[in-house]
Amino acid sequence: MSEPNKSIGQAINRVDGLLKVTGAASYATDYVLKNTAHAVIFKSTIAAGKITDIETTEAEKAPGVLAVITHKNAPKLNEKGGIRGGALLQSPTIEWYGQHIGLVVAETFEQARYATRLIKVSYEKAEPKVDFTKHQKEAVLPKGNPDAVRGDVDTAFRNAEFKIEAIYETPIEHHHPMETHSTVAVWEGEKVTLYNGSQIVNGAQAAAASTLGIETEKVRIVTPFIGGGFGSKGGQWANLVLTAIAARAVNRPVKLALTRQQMFNSVGLRQKNHQKIRLAATKDGKLTALAHETSTHCAMSNEFVEPCGDCSKVMYEVPNSLISYRVVPMNIIIPTYTRGPGKSTGSFALESAIDELAYQLKMDPIQFRLKNEPAKDPSNGKPWSSRTTVQCLQEGAKAFGWEKRKIEPRQNQQGEYLIGYGVACGTYPARQQNSSAIVRLTRKGNDVKATIELAASDLGTGTNTIIAQTASDALGLAVNKITVKIGDSTLPPAAGSVGSVGAASFCNAVNDACEKITNELISKSSKQFFVRPTAAHLMVSENLTKFETRADAKAPADAGSYSSHSFNANFAEVWVNSQTGMVKVHRFLAVTGAGKILNPKTARSQIIGGNVWGIGMALTEESVLDPRWGNFVTRSLADYHVPSNLDIGTIDTIFIDEKDTIPNKLGVKGIGEVGIVGVAGAVANAIFNATGKRVRDLPITPDKLL
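The sequence shown begins at 4 in the numbering used here and counts up one residue at a time.
I should point out that these hints are in silico values taken from the structure, not numbers from a laboratory. In this text the structure is predicted, and so the values were computed from the model without any measurement. Some clues are possibly wrong.
Unchecked claim - Calculated pairs, DSS-like style, for lysine-lysine (alpha carbon to alpha carbon, straight line, at most 25 Å):
hint, residue 1, residue 2
1, 484, 527
2, 286, 166
3, 146, 37
4, 385, 557
5, 9, 519
6, 9, 604
7, 668, 488
8, 221, 37
9, 385, 286
10, 527, 447
11, 166, 447
12, 662, 379
13, 409, 707
14, 128, 53
15, 53, 37
16, 407, 447
17, 132, 53
18, 519, 662
19, 9, 484
20, 696, 365
21, 374, 407
22, 401, 447
23, 9, 53
24, 696, 279
25, 286, 374
26, 9, 166
27, 407, 365
28, 587, 447
29, 401, 604
30, 374, 289
31, 519, 488
32, 379, 668
33, 289, 379
34, 279, 137
Using the sequences and the hints given, assemble the complete structure.
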């Protein structure tokens with residue numbers, strides 16, 4: 004519960020809500036600059052080989068065309084500057100289907116798009132590696148990612164009376180934020196401003212500067228509003244820098260927005276994961292062995308491996324464990340961070356296996372989990388700063404009506420529908436990253452206002468609102484007296500909206516700055532105070548019209564001595580049509596322990612968003628590659644199926660009342676990632692309880708249930 008007269012903990016509306024519903028919020032391509040030209044990228048139509056020739060003459064003569072840029076005339080760029088995936092037009096080499104091979108700049112978007120169709124490209128083709136099943140045997144140990152071994156898994160598994168060994172597979176998925184990756188670039192002398200959706204403002208600035216070969220301070224990133232990202236806008240991709248070189252080539256502002264179809268092979272993806280789980284337990288349900296072995300794919304020249312074994316490292320007490328990864332380079336764009344990276348996909352495998360073993364033991368799956376609750380982090384021996392898994396399971400079971408579940412499948416039916424109940428747990432690390440903030444106070448008469456400035460970002464999750472709430476409490480001002488300025492690299496540097504570090508990092512920096520300005524105002528005063536005054540009161544009492552300060556915030560010194568995580572328990576009720584195999588998630592409950600909840604309304608929205616994506620992961624989402632060419636068969640939201648309103652039943656959220664100030668002073672743990680973790684596992688387990696069919700490869704489509 005929030006304290007009386009406090010803003011933090013109140014479910015207030017978004018402070019930027021009016022801007023969004025009236026269309027006044029400015030996203031990357033909303034910035035209107037005089038004389039703006041338009042760029043359209045064109046892409047390779049092979050997955051492997053090299054370009055032998057690009058004929059651009061006809062395109063260059065087309066109406067409105069200002070420039071055609073390819074590897075033949077592109078400026079030299081630093082390919083190790085931090086842009087993900089390459090595709091910077093520096094070489095004729097082709098490493099995946101849809102790789103950028105050039106762009107056309109024209110007076111209008113339509114003219115640029117038309118001209119791309121006039122370009123003739125000749126290739127020397129090579130045999131592409133695009134079939135993961137075919138090439139999986141070539142997978143090798145990733146660089147700097149050795150096997151994590153504890154005890155003797157093989158012996159413990161071999162000697163166990165109760166055990167399972169199974170393969171769980173998750174497919175390629177794509178991020179698909181509503182706002183596709185878009186940039187407007189404008190040069191002023193040697194300085195460039197890039198209006199761009201960037202989850203990490205300062206990271207985008209550094210990557211652009213390094214790749215362009217200019218000083219960091221000569222690049223400005225402006226990104227006050229972002230239309231979603233889910234990790235794809237955490238790192239920056241070639242379109243950011245290509246827009247900059249296009250603007251320089253034509254000496255005027257240039258706008259470049261990827262199409263939905265181009266998103267499939269331009270800005271990364273969640274890779275396909277083949278996960279082998281071995282799990283063993285005693286007859287009374289104590290785990291004795293856990294092996295989680297993941298094999299996956301990466302790009303030909305860039306390595307990325309999703310950490311699918313992270314949940315298996317920390318969720319359960321087990322004396323013998325193995326977490327390993329193997330990766331095979333393939334002619335597919337490099338994978339990247341996708342919501343709940345590793346934990347969402349890995350928890351599907353782990354929590355399904357836990358459910359399978361519980362069924363073999365004839366134990367309730369909640370009791371099985373509780374029996375193996377670790378007293379400290381099994382992966383490193385560190386004490387928990389706090390851990391709420393038990394509370395999440397117990398409170399969730401009570402609220403969900405878990406007692407109605409029967410252990411044996413197919414025991415609950417209404418008409419054609421088989422009804423089942425499933426549970427799965429999840430976790431995500433809680434961290435604070437270095438961030439700075441400036442507080443500026445102004446006064447007219449008795450009216451005191453504050454402006455908060457930092458280079459944070461708002462993915463649509465409510466960053467502006469929770470910053471305003473934090474400042475409101477710390478300064479003694481109403482929320483409507485606070486102005487928040489974020490999304491600009493000229494502001495004090497801050498962490499990004501990634502990895503659930505945003506809220507903790509931004510709000511602790513703002514709180515520190517507000518405490519600091521209050522202390523500085525107290526030190527300026529000659530008065531004595533029996534009760535600590537607020538900064539607002541001090542501005543009036545000291546007759547000041549302006550005052551400002553800056554704070555540079557870091558995590559507490561001893562935070563690294565503890566293991567800090569958010570935890571959850573997910574409960575699903577599914578209805579499966581016995582005639583068609585169609586699955587309906589009739590009811591879903593997410594119980595989350597994530598420290599201090601700054602705003603229950605925006606927090607609930609975050610959890611629901613993660614739940615919906617997790618349900619999509621379980622039932623609909625899959626990016627399908629054509630193994631002949633390496634192109635995606637799914638190329639739009641018409642054939643890449645995300646859940647719609649009719650696919651989603653009732654979703655309820657519960658937050659555990661948790662106080663944990665070890666990871667950061669405010670006790671904020673973050674919820675953006677954990678909301679998706681464990682969701683697919685809960686749905687899959689519920690489907691088994693309904694039908695008796697165990698589906699281990701996602702998505703669980705009707706053909707797999709009939």
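Under the criterion that the straight-line Cα-Cα distance not exceed 25 Å, is the pair residue 374, residue 289 satisfied? 7 Å, holds
Would you check the hint for residue 221 and residue 37, treating anything up to 25 Å between C-alpha atoms as holding? Holds, at roughly 21 Å.
Quick one, are residue 662 and residue 379 close enough, alpha carbons at most 25 Å? 18 Å, holds
Hint check: residue 385 vs residue 557, CA-CA at most 25 Å. Holds or violated? 21 Å, holds
Measure nothing beyond the straight line between the CA atoms of residue 407 and residue 365; if it is 25 Å or shorter, mark the hint as holding. 16 Å, holds
Would the hint linking residue 519 and residue 662 be met if the CA-CA limit is 25 Å? It holds: about 23 Å lies between the C-alpha atoms, which stays within 25 Å.
25 Å limit on alpha-carbon distance, applied to hinted pair residue 409 and residue 707: 23 Å, holds
Are the Cα atoms of residue 128 and residue 53 separated by 25 Å or less? Satisfied, since the Cα-Cα distance of roughly 7 Å is no more than 25 Å.
For a C-alpha distance cap of 25 Å, please report whether residue 9 and residue 604 respect it. Since the Cα atoms of residue 9 and residue 604 sit roughly 15 Å apart, the hinted pair holds (cutoff 25 Å).
Check whether the Cα positions of residue 9 and residue 166 lie no farther apart than 25 Å. Since the Cα atoms of residue 9 and residue 166 sit roughly 52 Å apart, the hinted pair is violated (cutoff 25 Å).
For a C-alpha distance cap of 25 Å, please report whether residue 374 and residue 407 respect it. Satisfied, since the Cα-Cα distance of roughly 21 Å is no more than 25 Å.
Check whether the Cα positions of residue 379 and residue 668 lie no farther apart than 25 Å. The given pair, whose Cα atoms are some 22 Å apart, holds under the 25 Å limit.
When held up to the earlier numbered hints, the structure conflicts with 3, 9, 11, 15, 16, 22, 23, 26, 28 and fits the remainder.
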